[in-house]
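Based on the provided sequences and hints, a complete structural model is requested.
Which chain is which? The protein sequence lines are A and B, in order.
Every number in the numbering used here is 473 more than the matching position in the first sequence, counting from 1.
Every number in the numbering used here is 4 more than the matching position in the second sequence, counting from 1.
Be careful, since some hints might not be right.
Stated by the list, open to error - Here are the simulated BS3-like cross-link-like pairs (lysine-lysine), alpha carbons at most 27 Å apart as the crow flies:
1. Lys74/B - Lys515/A
2. Lys515/A - Lys530/A
3. Lys551/A - Lys515/A
4. Lys530/A - Lys551/A
5. Lys556/A - Lys515/A
6. Lys82/B - Lys515/A
7. Lys77/B - Lys515/A
8. Lys82/B - Lys59/B
9. Lys530/A - Lys556/A
It is worth saying that the hints were derived from the structure and are not from the lab.
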Amino acid sequence: EPEVTQTPSHQVTQMGQEVILRCVPISNHLYFYWYRQILGQKVEFLVSFYNNEISEKSEIFDDQFSVERPDGSNFTLKIRSTKLEDSAMYFCASKGGAGRNQPQHFGDGTRLSIL
Amino acid sequence: AQTVTQSQPEMSVQEAETVTLSCTYDTSESDYYLFWYKQPPSRQMILVIRQEAYKQQNATENRFSVNFQKAAKSFSLKISDSQLGDAAMYFCAYRSGIGGSNFGNEKLTFGTGTRLTIIP
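This is the structure:
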C-alpha cells in the first residue's frame, strides 16, 4: 500500500539554525498537510497546501515557517530560525482528492530536537 | 472553533476482551467527519475508522466500531476481541465537512489521545 514517507526520522539542530523537514506524499495525492505534536501533547495542525499554495495555516505557523513543493514529489517544511519550543514530532499528511470522505494519510513523523 | 476532548488519558484491557474509548467534541457545524487514528510505538498515524455526521448508521471496520451520538456530540470507539497489536495511542479527530475556499483541504482537529495497553 502506498505510504507517506518522511526524512529524517530524527533531526537534532542548534537553536537559531535553519531546518528543513522532508516529506514524499503518496504519488497521486493533491492535498498536503503538516502537523506537529509536542511531547505529551495533542497533534496540532500547522498548514495545508493545495495547488502550489497554502490553503490554511494555524497561528503556530508564523513567519519562521514556510512550505514548498519544489519538484512535484517532495513537500518540505522549513523553520528558518529554530527555537527551543519548536522541539516536537512533525507529521506530514496527504489526501487524494476533494472527495467528502477522503482521509488524510500520515507519515511516520520526524522528531525534531532543538538544543 | 471546534474542540475534541478525550477524557481517558490511559486505558487497559485484557487480551480478547472489549474496550471502549471515549471522545466528545464541540461544534456548531452540522456537516463534518469524525475519525479515530491509531499511533503505535512505531509512530505512524494509522486511520482506524471514520464516520460521516450525516450518516446515522455507526461505522464498523472488523473488530472496530463506533457509537456515534450526534445530539450528544459523542464518538466512542469500541474494540472487540482486543489483541496485543492494538496497543497504541488512539486519537479522535474532527474535520469540517464544508471548507468554503478550503474545500477539500479541511484540517483535522485532534483530541489529546488515549494510551491503550493490552494485558496478555
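Next on the checklist: Need the status of pair Lys551/A, Lys515/A: alpha-carbon distance at most 27 Å?
Outcome noted: Within the cut-off at roughly 21 Å; holds.
Checklist entry - Keeping to a limit of 27 Å between CA atoms, is the pair of Lys530/A and Lys551/A held or broken? => result Distance of about 14 Å is within 27 Å: holds.
Next on the checklist: Run the distance test for Lys77/B versus Lys515/A: straight-line Cα separation, threshold 27 Å.
Outcome noted: Status holds; Cα separation ~20 Å.
Next on the checklist: So if I understand the rule, the pair passes when the alpha-carbon distance is 27 Å or less; does Lys556/A with Lys515/A pass?
Outcome noted: Distance of about 19 Å is within 27 Å: holds.
Item to check | Pair hint Lys82/B and Lys59/B, alpha-carbon separation not exceeding 27 Å | outcome: holds, 18 Å
Item to check | Lys74/B paired with Lys515/A [C-alpha distance capped at 27 Å] | outcome: holds, 23 Å
Checklist entry - Within a Cα-Cα threshold of 27 Å, do Lys515/A and Lys530/A meet the stated pairing? => result holds, 17 Å
Item to check | Restraint check for Lys82/B with Lys515/A, where alpha carbons must lie at most 27 Å apart | outcome: holds, 21 Å
Next on the checklist: Against the 27 Å threshold, does the CA-CA distance of Lys530/A and Lys556/A hold or violate the hint?
Outcome noted: holds, 19 Å
Consistency with the previously given hints is maintained throughout, with no hint failing.
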